[in-house]
Amino acid sequence: MVTNVKTAKASQSAKGRRYLGSEIVFNVILTVFVILCVVPVIHVVALSMSERNAVLAGQVTLWPKGWDFNAYRSVFFDASMQRSMIFSIILTVVYTVMAMVCSILVAYPLSRSYLPGKKFLMVLILIPMYFTGGTIPNYLWIKDLHLIDSPWSLVLPILTSTYNIIIMRNFFSSISGSLEESAKLDGCNDFQVLFRIILPLSTASLATVGLFYAVSRWNSYADVRYYINNQNYFTLQMKLYQVVFNATDTSVAMVEGGANAVLPDTIRSAAIVFSTVPILIVYPFLQKYFVQGVMIGAVKE
Amino acid sequence: MQRTAPLQKPQNVHYRRMSLHKGISKYWMLYAMLILPLAQYIIFRYCPLWGVQVAFKDYNLFKGIAGSKWAGFKYFEEAFATQQFWDALKNTVWLNLLDLIFGFPMPILLAIMLYEMRSVKLKKLYQTLMYLPHFLSWIIIGGIVTKMFATRGIVNNVIRSLGGSTVDFLTNSSNWVVMYVVTGIWQSAGWGTIIYLAAISGVNTELYDAAEVDGCGRLKRIWHVTLPGIMPTIITMLILQLGRMVGIGFERPYVMMNNNVRDVSEVISTFVYTRGILNQRYPLSTAVDLFGSVINMIFLIAANRITRRLGGEGGLW
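First to last, the sequence lines map onto chains A and B.
Every letter in the first sequence is one number past the one before it in our numbering, and letter 168, counting from 1, is 168.
Every letter in the second sequence is one number past the one before it in our numbering, and letter 64, counting from 1, is 64.
Treat the hints with care, as some may be off.
[As the list claims (entries may be wrong)] Each computed PhoX-like pair below joins lysine-lysine, with the alpha-carbon atoms no more than 25 Å apart: (1) A:K143 with B:K63; (2) A:K118 with B:K26; (3) B:K26 with A:K184; (4) A:K143 with B:K90; (5) B:K123 with B:K220; (6) A:K118 with A:K184; (7) A:K288 with B:K63; (8) A:K184 with B:K22; (9) A:K119 with B:K26; (10) A:K119 with B:K22; (11) A:K118 with B:K74; (12) B:K63 with B:K74; (13) A:K288 with B:K124; (14) B:K123 with A:K288; (15) B:K74 with B:K90.
In case anyone wonders, no lab produced these hints; they're calculated from the structure.
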């Protein structure tokens with residue numbers, strides 16, 4: 001056994017020497033790509049915390065110069081920014097919970113291979129992946145339902161994602177059927193099987209799908225643009241768009257006037273960082289789950 | 001899958017024969033679970049399909065969809081007669097084509113290189129950092145890009161300090177197209193590796209050993225074992241991407257465009273937004289949208305058929 005390990009190690013190091021050239025090339029390319037992935041984010045963070053003159057002179061690269069948190073103060077204490085942040089958080093939580101309930105309730109029955117009519121139901125949920133009404137028919141329908149300018153227009157139309165449902169369904173079907181059978185012998189009904197056995201065993205897939213739903217709601221902008229005109233229901237992304245792209249929108253930048261006013265550019269950077277922070281906070285915790293989740297979902301039918 | 005299932009699980013045959021009535025009484029709880037989600041599907045995914053007929057009608061706000069008069073192909077003809085429509089169509093296809101040529105191979109190459117990495121810890125770290133851009137919204141990405149590549153942004157500062165002259169990355173049409181494609185790669189190439197990494201780890205390891213014994217070097221092994229092994233996945237992803245050739249999501253071009261580059265950045269989704277929702281020209285924009293979807297469908301079906309004709313695995317159906 002010991003010798004086996006030794007020879008394995010020896011052959012590995014031999015291989016290592018043999019492949020050294022390509023190893024170096026691969027690592028260099030990957031390292032460059034990874035650096036390019038994070039550098040823009042770091043730059044914006046640095047910009048948002050830097051002093052006015054350093055920003056104006058273009059001296060800020062990857063580390064803040066002169067530390068100045070006034071931009072954050074302006075962003076944080078701006079009433080409309082606060083309102084958007086709070087609304088976005090509530091919206092994301094409500095949406096994620098409702099979407100998860102909906103997805104579980106459709107993924108579980110479809111994961112039972114014995115359910116009569118399963119194939120028909122599968123087709124029923126797959127068709128909308130390829131045939132959608134399109135922007136205007138959706139818009140007119142939301143209008144007919146009197147959901148324009150209602151926060152529900154940002155929740156109800158996207159409660160189900162076929163892609164996420166399939167990830168969940170594949171996970172549920174991978175759980176051994178014998179657990180379900182023995183629970184049923186003990187007198188559990190389908191709801192009890194789902195809540196007491198299947199769901200506790202599926203935390204990885206639930207966390208993944210939950211993250212996907214939450215991130216997509218948090219980041220979506222188009223539907224807010226289409227359906228919402230009322231400022232009270234502007235999500236953080238919508239507010240961010242106004243701050244970052246509309247030169248005319250000075251609602252945040254005007255918080256402090258005079259010669260010491262915070263630069264619009266710094267404000268914009270601070271707003272960008274401000275709205276990214278919630279994602280950066282949850283990201284490391286959920287990262288180990290979603291890779292697994294995507295891989296399960298990638299298994300072809 | 002469906003055809004082979006009974007062979008693997010004989011008990012399925014029994015259930016398959018059971019009548020629907022009996023099925024409902026035995027599994028009513030499972031069907032009860034489906035009520036809420038299916039209602040959502042019907043109300044918010046099937047009902048809007050009814051509105052597609054607006055493309056063929058003189059839509060009148062007060063008469064509603066059903067009450068409006070039929071107009072035949074009038075709005076399609078109107079769209080085809082305007083230069084803006086052809087520009088939007090051309091830009092959509094052109095940007096998608098560039099995405100396909102430069103963006104599509106990136107995650108495959110990155111996944112192969114990641115798989116070949118020896119240090120597990122470094123690999124994990126690289127993956128974590130690579131996936132990050134996928135979790136940023138297009139508004140944030142657009143904000144970062146417009147900030148960094150502005151005339152007074154960091155990139156131009158560096159170029160100037162190295163003695164170069166200012167480059168108008170975002171206001172010159174051809175530079176903008178490059179920026180659009182690069183930003184797309186930045187956002188999605190890392191995330192795209194996941195599916196290929198899954199495919200690579202599914203390749204039979206005996207084949208690697210055999211290649212080793214036959215004296216294949218690393219590059220040869222990648223070429224002769226890894227690539228053929230993940231070909232079905234590559235083809236599936238390719239077909240899916242071809243099925244989107246005439247569609248671009250609204251957010252990416254919308255946050256990156258500016259008035260100087262409208263000639264290359266106006267795509268179908270932004271066209272539909274400005275004409276449809278802002279100017280309330282519902283039939284015209286629905287017609288344009290529908291036209292794009294139909295071409296997408298043709299692309300999808302054609303790509304799938306070609307794959308099957310060539311005997312390749314990885315077709316969608």
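Here's how the hints hold up against the structure:
Among the hinted pairs, A:K143 with B:K63 is consistent with the structure: their alpha-carbon atoms are about 14 Å apart, no more than 25 Å. At roughly 14 Å between alpha-carbon atoms, A:K118 and B:K26 fall within 25 Å of each other, so this suggested pair holds. Distance check on the hinted pair: B:K26 and A:K184 sit about 13 Å apart at the alpha-carbon level, within 25 Å; holds. Note on A:K143 and B:K90: the hinted pairing is violated, with a Cα-Cα distance of about 31 Å set against a maximum of 25 Å.
Simply put, B:K123 and B:K220 have alpha-carbon atoms about 22 Å apart, close enough for the 25 Å limit, and the pair holds. At roughly 21 Å between alpha-carbon atoms, A:K118 and A:K184 fall within 25 Å of each other, so this suggested pair holds. In summary, the hint linking A:K288 to B:K63 is not supported, as the alpha carbons are separated by about 53 Å, beyond the 25 Å threshold. A C-alpha spacing of about 18 Å is found between A:K184 and B:K22, which places the hinted pair at or below 25 Å, so the restraint holds.
For the given pair, A:K119 sits about 18 Å from B:K26 by alpha-carbon distance, which is consistent with the 25 Å threshold. A threshold of 25 Å between alpha carbons decides the hint, and for A:K119 with B:K22 the separation of about 17 Å falls inside it, so the pair holds. The hinted pair formed by A:K118 and B:K74 fails the criterion: a straight-line CA distance of about 42 Å is larger than 25 Å. Pair hint B:K63 plus B:K74 holds up; C-alpha atoms about 19 Å apart against a cutoff of 25 Å.
Distance hint between A:K288 and B:K124 is fulfilled; the C-alpha atoms sit about 10 Å from each other, no more than 25 Å. For the proposed pair B:K123 and A:K288, the alpha carbon gap of about 13 Å is at most 25 Å, so the pair holds. A threshold of 25 Å between alpha carbons decides the hint, and for B:K74 with B:K90 the separation of about 22 Å falls inside it, so the pair holds.
The structure does not agree with the numbered hints 4, 7, 11 stated previously, though it agrees with the rest.
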